[in-house]
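S.K.: This is what each chain is made of:
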Amino acid sequence: MEFTVKSYRFNPEIDEKPYYKEYVLNDFPGMTVLNALMKVKAELDGTLSFRRSCRSAICGSCAMKINGITKLACKTQISSEIEKFGIIKVDPLGNMPIIKDLIVDQEAFFDKIKEIKPYLLGKKDYIEDDFKALKDGEKIKQPVYYKTEFQTLTGNNDTPNCILCECCYSECGGVVANPKYLGPAALAKLYRYSEDPRDNDKNGSRLVNGSKPAGMFDCVLCQACEEFCPKGISPVKTIVKMHEKAIKNSITFSKGAKHIIGIARSIQETGRLDEIKVAVDSVGISGILNDLPVAIGAGLKGKMPPLRLKLIKDMEDIRVAFKDLNLEEKHD
Amino acid sequence: MLKHDVVIVGAGLAGLRACIELRKRGVDAVIVSKVYPTRSHSGAAQGGVNAAFDENDSWESHFFDTVKGSDYIGDQDAIEILTSEAPGNILELQKMGVVFNRNDDGGIAQRPFGGQSFPRSCYYADAVGHMMLHGLFDNVLKYDTKIIYEYFVTSLVVDNGKISGVAAYDIKEGKFHGIAAKAVLFATGGYGQVYSSNTNALINTGDGMSVAIKAGVPLMDMEFVQFHPTTLKSTGILVTEGARGEGAYLLNSLGVRFMSKYAPKAMELAPRDVVARAEQTEINEGRGVDGAILLDVRHLGKEKIMEKLPQIMQLSIDFEGVNPIYEPIPIRPGAHYSMGGIKTDNNGRTVVEGFYSAGESACVSVHGANRLGGNSLLDTIVFGRRAGIDIADYIKNVDFSKFDESTVKRDEEIFENIKKSAGKERHGLLKTELQEDMRKNVGVFREESLMKKAIEKIEELKERAKNVGVDDKSHLFNTDIIEAFEFKNILLIAEIIAKGAVMRQESRGAHYRNDFPERDDEKWLKHTIAKLNPKGGIDFDFSPVKITKFKPQPRTY
Ligand SMILES: Cc1cc2nc3c(=O)[nH]c(=O)nc-3n(C[C@H](O)[C@H](O)[C@H](O)COP(=O)(O)OP(=O)(O)OC[C@H]3O[C@@H](n4cnc5c(N)ncnc54)[C@H](O)[C@@H]3O)c2cc1C
Ligand code: SF4
Ligand code: SF4
Ligand code: FES
Chain A
0 MEFTVKSYRF NPEIDEKPYY KEYVLNDFPG MTVLNALMKV KAELDGTLSF
50 RRSCRSAICG SCAMKINGIT KLACKTQISS EIEKFGIIKV DPLGNMPIIK
100 DLIVDQEAFF DKIKEIKPYL LGKKDYIEDD FKALKDGEKI KQPVYYKTEF
150 QTLTGNNDTP NCILCECCYS ECGGVVANPK YLGPAALAKL YRYSEDPRDN
200 DKNGSRLVNG SKPAGMFDCV LCQACEEFCP KGISPVKTIV KMHEKAIKNS
250 ITFSKGAKHI IGIARSIQET GRLDEIKVAV DSVGISGILN DLPVAIGAGL
300 KGKMPPLRLK LIKDMEDIRV AFKDLNLEEK HD
Chain B
0 MLKHDVVIVG AGLAGLRACI ELRKRGVDAV IVSKVYPTRS HSGAAQGGVN
50 AAFDENDSWE SHFFDTVKGS DYIGDQDAIE ILTSEAPGNI LELQKMGVVF
100 NRNDDGGIAQ RPFGGQSFPR SCYYADAVGH MMLHGLFDNV LKYDTKIIYE
150 YFVTSLVVDN GKISGVAAYD IKEGKFHGIA AKAVLFATGG YGQVYSSNTN
200 ALINTGDGMS VAIKAGVPLM DMEFVQFHPT TLKSTGILVT EGARGEGAYL
250 LNSLGVRFMS KYAPKAMELA PRDVVARAEQ TEINEGRGVD GAILLDVRHL
300 GKEKIMEKLP QIMQLSIDFE GVNPIYEPIP IRPGAHYSMG GIKTDNNGRT
350 VVEGFYSAGE SACVSVHGAN RLGGNSLLDT IVFGRRAGID IADYIKNVDF
400 SKFDESTVKR DEEIFENIKK SAGKERHGLL KTELQEDMRK NVGVFREESL
450 MKKAIEKIEE LKERAKNVGV DDKSHLFNTD IIEAFEFKNI LLIAEIIAKG
500 AVMRQESRGA HYRNDFPERD DEKWLKHTIA KLNPKGGIDF DFSPVKITKF
550 KPQPRTY
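These protein sequences, in sequence, are chains A and B. The opening position of the first sequence corresponds to residue 0 in numbering that gives the first Met the number 0, with each subsequent residue numbered one higher. The opening position of the second sequence corresponds to residue 0 in numbering that gives the first Met the number 0, with each subsequent residue numbered one higher.
For the record, the hints were derived by calculation from the structure and aren't laboratory data. Just to be clear, a hint being listed does not mean it is correct.
Quick list of the computed label-pair ranges, beta carbon to beta carbon [to be verified]:
id, chain 1, residue 1, chain 2, residue 2, range
1, A, Asn-25, B, Val-397, 56 to 62 Å
2, A, Glu-148, B, Asn-396, 42 to 48 Å
3, B, Glu-462, A, Pro-178, 50 to 56 Å
4, B, Lys-303, A, Pro-178, 41 to 47 Å
Where is the CB? At the ideal position from N, CA and C, for every residue including glycine.
Bound conformation, chain B alone:
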């Protein structure tokens, strides 16, 4: 059995940022990740990270924009931390070696992003996530951190409400290990793979959330799923909001900039939920182009496209066969980001003592019902950093708790049973069925009858999942069994999303109900809390929203 003071599960931005705080304080912290750190999904972030630097900008304005963007269900104490600590955090990154594009006056260049009243998104061309991920990882190397990679975490081990460690499967060797720790941080990212046509990496299967809820840690606001308005039509690969930040137009089949109808002031730079719904409405009403909308950057000119959006240009050419210098890019809304997640406080703490979460896997909540572009990278570094500092403090006065090896044994048996199973169901195919169903029935526009269908489908898939077998029975680098387990994780997450969405009878942010088109503050200005009951069913509860400065107002753009 391995034993370390702190185990950080996940090597995206949140995990790495926390790790740096711990390592520079000399803490015995290790990183456990199912992929090598630089393969993490954070590297795919394109557009920018928000911080109010400009003389004419203020963090208070960023604060308000985020509260409004969240459709007033984000916790304002947390959003205040997010926005007031933003500039300081960006400067820390800069000190660590992260490169941002610069203005002529020598400051960090900033571009406009949706739902932000000021251009405050710091960027590195259109690959800011890549720059940040590699920059932070390089710092983790600097502190000579032990990286346990290609290990797949399957369970939390908890003793009397206190964390004892995790159970993890060494993918290369095909062996289970217990890893004992005084504190565990989950920075395991999102669950984009619940939906077909998503922008996420294939590894984003909501593992951390699923493992946490199974260990009794509640998940919050899971029905709020962000659909990004501009993803490539055939693959779902993202085209950054930065493209619209640089001035791109959205056109329907008539060549009309239709956003004038839906958000006359903000136009293309309205928040994502608003733009995604506008697009879907245009498509549904027959003004799409082969089921897509056109994103036009031609008027920006070749030079600006090559300088500011080189990755977008390459992705459009490679994945859609369209050169945006000469042709508009066919795009449509795709599942993108998880506003909900493991319920934490402002330092990443959860209900289990010593168990923390940060980044997309966590729900603090700063994004509420709709995340603003550029706020999620910010979330990972602000709350990753805070969690790291808090953990360093926490472990000073605690000891290792008793590590019950039976959890590890149980997971080992689950894996062995899947391997032994003669079941004929293929997890790869079940996954596709689930993803399609979720896209159709728990997507941009929702209504009870459709979501009930989705829940029926999920029940059916749960039954069929019992007959999942794998072709690969070997120990060595068995990705077949990993995928089988990941499928079970997304199936559980899908169920929590769908059931929460049926329950929330209102429209707020990204959660839009055809049958309840209005926001209902009287009944629904509250967080949804999901827990598993002993029978494996899901119980829902609610908790109040923290409102400190800004009273809910109608949200128009």
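One chain only, chain A, in its complex shape:
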């Protein structure tokens, strides 16, 4: 089958402005979008630039927009895209400055990962302390941790499986609204370490840090992160769990936390809860907080055209939408 790849092209060293270039290729069984880009590069046009490494959906290098939807190129089959769209149109990720063609600047994204202190806290550093090379006949005793202690970390779609591919970040409404927002991947990582039974975060500093401005309360609960994650992770669910934890622990100094409490109250008072058909797991604030993403998601959808993708590309639209929601005045 013959098909067309239409790629976003921009090399600021040479080009005055971005443009699209088309390449015609023949497919082979099982061909992926990454295979197609590599074929273009090898055979037709070596200037086409993109990142890639593992080609098996584990290194997180090749995320891009394919026919408007953020995905991993190495995991996306040509045949299904052609069936749906008739073309392979590729664009760079959103929410990050473009360096060249499909390559974006990830510095801010990685800085945010570092900012959440992605490691076990409270452990003294050790040099050679109890490392042991075994001698004849010796065995080593290992500390015991029960399966249940790692329950939220060892499931199929749990946060440690994050490959830092930036699919979520590219589509995150929170980053659109506030470019400084930590974003879904960093917060999911924060959650991952806060759930680790070995973490010794005595004074709750993780949640306090995570609650600072541009932290977890800047999440606009649009759920894009869950929708676009190629690893089945739902950062937003972890964020809501952390909201709950923070509020329960009275870490409510941030504006965001106050909003959330306000919205929850308002939903409680106006009874809109029924209207938007959210499932409430438990009574009281925690149950409602759990369902907030659904509530807000529904709220946003009502005010916005159905195709969120198009919307998120357009910063102004989303800002207007938020203004319309008018959370601040209503609930502060």
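Since chain A is already given, all that's left is putting chain B with the ligands on it; use the hints.
M.R.: Using the frame of chain A, we list chain B with the ligands on its own:
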């Protein structure tokens, strides 16, 4: 020019593990990598990492299994270190935050792996490499380490047998830099891209080995290339040995578990060289299914597949269009791992003072002629750690040596010349020709006539490589020129593999010769050492194998 006490090139497991040792001792060590650390190939490791923890297991048994797996050409002093330090190393990882699956009794869960006489492979579902890579990288962040990423190292700078630093190309800016250092560690990984149908990342182009041999550092045992028995038929993407560890069957077109013929005791869990040859024999003798063999996990049941092999399930669906819960997966052998590499001692030291290597780029040698599954991740952390500690010690008493900028200038000129070249050859196409040729002629089954053909082809490609041009002439993020340079690296590695393989007239581990089907301890119980001569040709030499405890025996499973 940049200047740091220690430059670690490579941010896979070996590089990161070494880095942690250095940083926690307060050493000014930086990481240089051609990709962001978490994009390194270590993240793709699926199955497990070996350590003898169980009461009924012993590190001595792991020691013996590894020696036997190596077909007796692994150095036993090194293997003793690997296996006796294994449990301690796993516990260190655990302290650093790495998560392993657990048993009901609270210990680390372990699964059987090929060639191991006890289930001793620790795992995290089927994504243990991912877990370890991210866990270690997070620790590197903890020590606030400077990460110089998307820098491509092109040369070592050496002064009178002592390391001075490296030449590196900043991919984003398109500029060359010298980086001066008292010690340099290469943890640059393997060269899977020498072969078509391989399990490796596209970035695994043997850069470190190629740069090292050009700087006069010998490579060892390069003819030993591991072919993994279970890679997806159409893409070469790996299906972990953990699948067989969990009980998967290998079937031929007759629906027969053919391993009963080749390894009646170990069956599917025989070592990789044995299984890969068995599969290829079945295929060659007409009992394949469209040039493939079937890997069947259906009898494990949906629940176990989803719990223990979720990534395998997803990869089969995404890349082969097969859901293993309902259908067997078509697989075939694919190039996977490099047993050979930069010759080092047990602390990662090489012949150049201050220049170290660890991980897949190094050859200590613990894997000999055939690596056992789960021993390579172990290699990266054990010897990465040891190299880190040794370097921290070494740099205390040395100064920076003279850094000769001409190497950097020379590499800059090479790049500029490729850019200026009007040559019509496309490196992308030459690479495919080379990979196909290596698969066909220096693959699972080898013989002199075929390998001679491969060498002729390599000579031809070397000529044609002189006419390689690039389309992209710009400075900014020029991946075209990087690929051109990487092609030259794999071409050199291919030549060393092919020539070493022709020379070794015996069959041992992964190196199987149709024309010399027996192991020949009298003539060939020795390591192959490769060096470049001034004319650019390859000279071979040999060095003895260290045998401490286990005398060579026939190797049956
Ligand atoms: C699919 C797959 C599954 C595997 N599963 C297992 C398993 O279950 N158990 C097991 O024990 N082993 C397994 N292995 C083997 C194991 O994963 C590797 O041998 C090991 O991870 C290698 O680690 P490393 O640190 O040596 O190198 P890598 O992780 O390959 O890292 C190399 C680093 O060097 C850098 N680099 C390379 N060249 C340059 C250059 N020119 N300039 C700058 N930087 C450079 C790269 O950017 C990268 O950061 C598997 C391998 C594969 C392919
Ligand atoms: S739900 Fe929150 S974190 Fe997820 S994409 Fe939306 S704003 Fe970002
Ligand atoms: S959470 Fe998912 S989408 Fe976001 S970076 Fe991680 S793997 Fe990618
Ligand atoms: S190339 Fe690694 S995720 Fe696509």
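S.K.: Where does the structure disagree with the numbered hints, that is, which hint numbers, in rising order?
M.R.: none
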